[in-house]
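Asks: Based on the hints, put chain S in the right spot on chain U.
These protein sequence lines are chains U and S, in that order. For the first sequence, position 72 (counting from the first letter as 1) is numbered 72 according to my numbering, and the numbering increases by one without interruption. For the second sequence, position 218 (counting from the first letter as 1) is numbered 218 according to my numbering, and the numbering increases by one without interruption.
Honestly, the hints are just simulated from the structure, not real lab data. No incorrect hints appear here.
These stretches of chain S come out as covered by chain U in the derived footprint (C-beta under 8 Å, 3 or more residues):
no., stretch
1, 13 to 27
2, 173 to 180
3, 190 to 201
Away from chain U, derived, C-beta distances all over 10 Å, residues of chain S:
no., residue
4, S102
5, V103
6, A119
7, F130
8, F131
9, P135
10, T140
11, V230
12, T243
Since we're looking at a predicted model, the values are computed, not measured. All residues carry an ideal CB built from backbone N, CA and C; glycine is no exception.
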Amino acid sequence: MRKLRHHLHVYQALWRILLVYVLTYRVNALVRSVFFPVWQLVMLTIILVVFSHTDSIGGWNQTQVLMLYFVNQILLSVTYALYFEGGARYLLYTAVHTGTLDRHLIQPVSPFLMVFFGRPHFDSLLGGLLMGISCIMFVIYHQISFTTEQLISFTFVTLLSQVAVFLIVACYSTLAFFFERVQQVAEILDKANELGQYPTAMFPSYVQGLAVSLFPIAFMGFIPTSFLLDKGSLGMVLVTTLVIVLSLLVLRRLWTRGLRTYSSVST
Amino acid sequence: MRLPTSMKKYQLVFHIAVQELFQYRFNFFAGVFKYTFAILIYALIWQVVNQQSGEEFFSEGGVLLYFALASVLFDFSNFHLVALEEEIKLGYISKYLTRPISVFWFYFWTQAATIGIRAGLRLLILSPVFFILFPSPGPTLAQLLMFVTFAICAYLFSFVFFFTLSTFVFWFHEVYAIRWMWMSILRVLSGIWIPLFLLPAAVVSVLQLLPFAHLVYTPIQVVLGKLPVVDALQPLVILLLWTALFVVVSRLVWRKAITAYESTGI
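Chain U with its partners taken away, still in its complex shape:
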């Protein structure tokens, strides 16, 4: 408990520092946030064009796909803010390659936690906030209602899926220990997310298999939204749990091995 409190204390301090950092470059943060809606507009246009030619895809109608889209975007922004931009990307781009990982190895805090959660990107949360507001307005406009059971199962499955996504992303990030330059791995994961805006059920079975393993896109929207829209199944929870267990084992091995491989001079 004391150790956990210590971690929380360190993490709180880091968030405070980063908030000050983001506010130092207000214009840049603002510009990025202003252009965020443009990207959303582009993505929504594609969905609207899709539904101008068909009534449903993979058993999901337009309203349900839009709901999935909102959930996917909110989860993405949280993921990016918490550990993708400043954690996974940091490990893949800089930490091992330039040797700044040393800094975390000599500190009295878990290097794993520091690497992945030590540099949250607040500006990514602005997009999530915007999508959250849009989502609420969308739900009110379409008079969509959810039962308490749906909301609880959605929350539980979302948390479970996010653990699975984090573990898979962390596994990929450890490639930085074994290859000289692996930035493109982060980009591939980034690109794969574009598929997460569509119901995984619409794709051929081999793509569905990939979506819950190598490219964890089903966890980034499809599985949680399925529970929100009462389309979820026990199988989805079991698959998610299985993925968590397997990726945890792989990650443990890769991280330990990676640290053993890692070498640098000076701090």
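Replies: Only chain S this time, still in chain U's reference frame:
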């Protein structure tokens, strides 16, 4: 054939750029895979829409063929000159200003090397798709030549545009967001993400006057035989006119930027 001395240095730039690409092979091949994968994602989406809509706007295998061609053309218009922006920000641009080398042509040939190799590799990776799915008897020589011409013109236009955009770093510290917005719009309006014939006719006719559609959609239509080679000349002229316009803008902006620029040391 001997190249003039002024061109030899750019030939060297091109060679070095090719060598640098293969310096980190894993990363390079992952990069090639990334966009092939990203574009084929849309092939999957439109394949499902094609099957479920009942409209059958694509023939058997047509979706995959369209997006495979889009994947080959992708690099000609989707790139960025971040390295140039960094050099401007850090003041390293001085090295070009004091040496007999043009910043524009240096980056032009460096980028050309990247694009050439990437597009070539994609063509190689996707060649089975083309061999299997291309409708018999395949594209004519004229269609292929027009396709290549469009690809080169798409690169010329995009390079001039991105060069102009990067020049704005002299005034703004960051142009990342503007570039990001441009690329998002470009990917939709050029037909990389949506085959343009799926859009309303009024939108398509407006797009014919803009450069976007002619970067990807028009050359694909030409090589698939859906747009006669002769009819493709008009879009090609439109694309070249847009390029000329941006060349003028680029020169004006660069001249203004360089006048205001000052630095110490090289």
